[in-house]
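> Starting from the given sequences, assemble the full structure and let the hints guide the process.
For the protein sequence lines, the chains are A and B, in the order given.
For the first sequence, UniProt numbering assigns the number 1 to the initial residue and increments by one for each residue that follows.
For the second sequence, UniProt numbering assigns the number 1 to the initial residue and increments by one for each residue that follows.
Simulated from the structure, these hints should not be mistaken for lab results.
A hint or two may mislead.
[To be verified] Straight-line alpha carbon distances no greater than 20 Å define the calculated SDA-like cross-link-like pairs of lysine to any residue that follow:
{"hint": "1", "chain 1": "A", "residue 1": "K106", "chain 2": "B", "residue 2": "L10"}
{"hint": "2", "chain 1": "A", "residue 1": "K25", "chain 2": "A", "residue 2": "N61"}
{"hint": "3", "chain 1": "A", "residue 1": "K69", "chain 2": "B", "residue 2": "S100"}
{"hint": "4", "chain 1": "B", "residue 1": "K99", "chain 2": "A", "residue 2": "N70"}
{"hint": "5", "chain 1": "B", "residue 1": "K99", "chain 2": "A", "residue 2": "H64"}
{"hint": "6", "chain 1": "B", "residue 1": "K99", "chain 2": "A", "residue 2": "I68"}
{"hint": "7", "chain 1": "A", "residue 1": "K25", "chain 2": "A", "residue 2": "I206"}
{"hint": "8", "chain 1": "A", "residue 1": "K69", "chain 2": "A", "residue 2": "R52"}
{"hint": "9", "chain 1": "B", "residue 1": "K137", "chain 2": "B", "residue 2": "L38"}
{"hint": "10", "chain 1": "A", "residue 1": "K204", "chain 2": "A", "residue 2": "F22"}
{"hint": "11", "chain 1": "A", "residue 1": "K25", "chain 2": "A", "residue 2": "H74"}
{"hint": "12", "chain 1": "B", "residue 1": "K99", "chain 2": "A", "residue 2": "N101"}
{"hint": "13", "chain 1": "A", "residue 1": "K69", "chain 2": "B", "residue 2": "L92"}
{"hint": "14", "chain 1": "A", "residue 1": "K69", "chain 2": "B", "residue 2": "L251"}
{"hint": "15", "chain 1": "B", "residue 1": "K99", "chain 2": "A", "residue 2": "G102"}
{"hint": "16", "chain 1": "A", "residue 1": "K106", "chain 2": "B", "residue 2": "T14"}
{"hint": "17", "chain 1": "A", "residue 1": "K69", "chain 2": "B", "residue 2": "L5"}
{"hint": "18", "chain 1": "A", "residue 1": "K69", "chain 2": "B", "residue 2": "L103"}
{"hint": "19", "chain 1": "A", "residue 1": "K25", "chain 2": "A", "residue 2": "S210"}
{"hint": "20", "chain 1": "A", "residue 1": "K106", "chain 2": "B", "residue 2": "V6"}
{"hint": "21", "chain 1": "A", "residue 1": "K69", "chain 2": "B", "residue 2": "K99"}
{"hint": "22", "chain 1": "B", "residue 1": "K99", "chain 2": "A", "residue 2": "E67"}
{"hint": "23", "chain 1": "A", "residue 1": "K69", "chain 2": "B", "residue 2": "M1"}
{"hint": "24", "chain 1": "A", "residue 1": "K69", "chain 2": "B", "residue 2": "V6"}
{"hint": "25", "chain 1": "B", "residue 1": "K99", "chain 2": "A", "residue 2": "R63"}
{"hint": "26", "chain 1": "A", "residue 1": "K69", "chain 2": "B", "residue 2": "T2"}
Predicted model only: the values in this text are computed from it and were never measured.
Read off the chains here:
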Amino acid sequence: MIEVRELTKRYGTARAVDGLTFEVKPGYVAGFLGPNGAGKSTTMRAILGLDRPTSGEALVNGRHYAEIKNPMHHVGALIDAGAVHGGRSAYDHLHVLARSNGIGPKRVVHTLEQVGLAGVARRRVGTLSLGMKQRLGVAAALLGDPGVLLFDEPVNGLDPEGIRWIRHLMRDLAAEGRTVLVSSHLMSEMALTADRVVVIGRGKLILEASMQDLSDRFQRDVLVRTAHRTELTRALERSGATVRQEDGALAVQGITAHDIGEIAAHQRIPVHELTPRSASLEDAYLELTDDSVEYRTEETAR
Amino acid sequence: MTDVLVSEFLKLRTVRSTTYLLLSLVLTLAAGALVSYLMTADYDVQPPDVQVRFGAADPGMVVLPFGQFVLGVLGALAVTSEYGSGMIRTALVSVPRRKSFLLAKTAVVGGVSAVVGAAITLLAYAAGELITGDRPKPISAYDSFAEAAPTLLANTASLTLLGLFGLGLGFLLRSTAGVLVTLCGLLFVIPGISLLLPSPWDDRVYSVMLPVLAPQLAGELADPPLSPAAAALVMVAYLVSVLGGGMVALLRRDA
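Below you can see the structure in the form of structure tokens.
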């Protein structure tokens with residue numbers, strides 16, 4: 001269980017996080033979405049006690065992170081795969097972390113196998129690829145078999161096989177009843193992984209919803225093809241729908257595909273196609289965060 | 001707390017910088033012994049009236065200043081390598097109690113510095129005795145171990161101090177380069193400059209400089225500005241201020 005309450009973090013005059021409130025419960029993968037600079041990492045750092053909030057608080061299992069004894073048994077975190085001393089071997093790196101929380105070497109070996117790094121355990125971390133470092137970071141998070149997991153941009157640098165692996169891992173962890181919070185700036189990635197999303201922009205909460213709600217909310221219209229456009233348009237408009245011509249078809253809003261079919265059948269109008277069209281989650285996300293993009297490129301000429 | 005201590009010791013043991021620093025101390029010992037040997041060889045061929053004007057052929061003269069610097073770097077790297085690589089964030093996520101974190105590092109760096117400091121001090125003494133053999137003073141630094149003991153203890157104390165001083169500076173400055181410049185300044189540059197101050201400030205300031213605390217602590221100077229007890233107090237003051245400052249920085253600032 002992760003609770004963020006009225007969290008505000010200022011750096012100088014810039015508000016990285018601004019009165020953010022949300023919570024993540026066990027049992028599902030929560031996607032933490034926002035454009036670059038939205039405050040995702042700052043929020044995660046505040047949850048982990050690395051950054052002191054300017055006001056508000058962030059709690060893990062009802063406690064401040066810094067007060068938890070041997071926190072690796074309760075919370076696992078991957079904040080930055082590069083945040084390791086490059087001179088230690090992969091095994092030594094995990095061993096050092098494990099020891100600080102009273103975790104034995106057997107568990108280190110097991111975790112290395114679990115993330116597929118057993119073969120490079122003796123290699124220095126500095127010589128590992130970014131993808132391998134991500135796996136090492138995941139291993140560090142899993143060391144204490146914690147009930148709460150935070151991953152900051154875990155798919156960065158992973159190859160397709162690695163991305164699939166981490167997707168399954170996160171879903172499995174959530175299915176085991178753990179609390180899983182994953183940040184990303186890519187909606188497409190979250191669409192495949194997350195059950196719920198917390199979308200933020202400029203440090204503020206934009207939306208907290210289930211993935212299903214999000215796609216329902218951005219339901220756009222229904223495309224209808226028929227040889228009898230005029231009759232059908234009249235019939236649909238009578239029942240309150242808005243109808244627009246589109247490339248010899250009809251784009252209908254304000255009525256479900258189910259009702260359109262019923263009306264057409266009732267009027268004995270043959271329909272050749274009936275397609276509900278929703279904005280892709282990607283579009284939904286862009287629309288949501290449009291006002292809050294901090295670093296924007298000039299529109300490229302097409 | 002024991003877990004954090006062991007973890008910090010493992011951290012120190014599993015990086016190559018520690019090995020290289022210890023190797024450089026071995027090289028320094030060899031260089032010190034070589035200087036002593038050459039001095040002794042020169043001493044043997046001089047007439048008696050020149051022999052009495054010789055300085056002591058003590059490898060410690062080479063080993064002490066270099067050892068102070070190396071242990072300062074060792075202490076600093078225990079922190080600054082973590083800030084430099086970002087490991088500090090991973091480390092503070094696994095040990096979020098920052099006081100315990102700093103105390104564990106202090107204990108490990110202090111312990112290692114004391115052991116290494118005592119070892120190189122004793123080895124330098126033994127090498128000097130072996131090289132000068134049964135020759136008398138002044139080429140031999142000491143007549144007996146009992147006579148040498150205060151100096152050896154004071155040198156070990158100052159080497160330990162430098163290890164912890166480097167650690168504290170590391171917590172304060174968070175940058176390896178920053179600590180190196182500061183250490184060089186305090187050990188090698190500012191003591192010389194302080195002697196240019198108008199009297200009596202030259203002696204007063206010089207007497208509290210890091211490199212001259214060990215001889216005053218040992219009471220081996222004829223008319224020192226600081227008594228051994230006062231020198232010990234100054235050493236403690238160095239430690240408390242820099243480690244205290246480091247603690248405040250660690251507790252107050254974001255990682």
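> All the hints need checking, so say for each whether the structure fits it.
Right, here's what the structure says about each hint:
Restraint check for K106/A and L10/B: the C-alpha separation of about 16 Å stays at or below 20 Å, so the hint holds. For the hint linking K25/A to N61/A, the alpha-carbon distance of about 10 Å falls within 20 Å, and the restraint holds. With a C-alpha separation of about 11 Å, the suggested pairing of K69/A with S100/B holds against the 20 Å cut-off. Between K99/B and N70/A the alpha-carbon distance is near 14 Å, which keeps this suggested pair within the 20 Å criterion.
Distance check on the hinted pair: K99/B and H64/A sit about 16 Å apart at the alpha-carbon level, within 20 Å; holds. At roughly 14 Å between alpha-carbon atoms, K99/B and I68/A fall within 20 Å of each other, so this suggested pair holds. A threshold of 20 Å between alpha carbons decides the hint, and for K25/A with I206/A the separation of about 19 Å falls inside it, so the pair holds. Simply put, K69/A and R52/A have alpha-carbon atoms about 19 Å apart, close enough for the 20 Å limit, and the pair holds.
The hinted pair formed by K137/B and L38/B meets the criterion: a straight-line CA distance of about 16 Å does not exceed 20 Å. About 11 Å separates the Cα atoms of K204/A and F22/A, which keeps this hinted pair within 20 Å; it holds. At roughly 14 Å between alpha-carbon atoms, K25/A and H74/A fall within 20 Å of each other, so this suggested pair holds. The straight-line distance between the Cα atoms of K99/B and N101/A is roughly 16 Å, inside the 20 Å bound, and the hint therefore holds.
Note on K69/A and L92/B: the hinted pairing holds, with a Cα-Cα distance of about 12 Å set against a maximum of 20 Å. For the proposed pair K69/A and L251/B, the alpha carbon gap of about 17 Å is at most 20 Å, so the pair holds. Taking the CA atoms of K99/B and G102/A, the gap is near 18 Å; set against the 20 Å cutoff, the hint holds. For a cut-off of 20 Å, the pair hint linking K106/A to T14/B stands: about 18 Å separates their Cα positions.
The straight-line distance between the Cα atoms of K69/A and L5/B is roughly 15 Å, inside the 20 Å bound, and the hint therefore holds. A threshold of 20 Å between alpha carbons decides the hint, and for K69/A with L103/B the separation of about 16 Å falls inside it, so the pair holds. Between K25/A and S210/A the alpha-carbon distance is near 13 Å, which keeps this suggested pair within the 20 Å criterion. The straight-line distance between the Cα atoms of K106/A and V6/B is roughly 17 Å, inside the 20 Å bound, and the hint therefore holds.
Taking the CA atoms of K69/A and K99/B, the gap is about 13 Å. The hint holds against a cut of 20 Å. Distance restraint check for K99/B and E67/A: the Cα-Cα separation of roughly 12 Å lies within the 20 Å cut-off, and the hinted pair is therefore satisfied. Between K69/A and M1/B the alpha-carbon distance is near 10 Å, which keeps this suggested pair within the 20 Å criterion. Distance hint between K69/A and V6/B is fulfilled; the C-alpha atoms sit about 16 Å from each other, no more than 20 Å.
Straight-line distance between C-alpha atoms of K99/B and R63/A comes to about 19 Å, which keeps the hinted pair within the 20 Å bound. About 13 Å separates the Cα atoms of K69/A and T2/B, which keeps this hinted pair within 20 Å; it holds.
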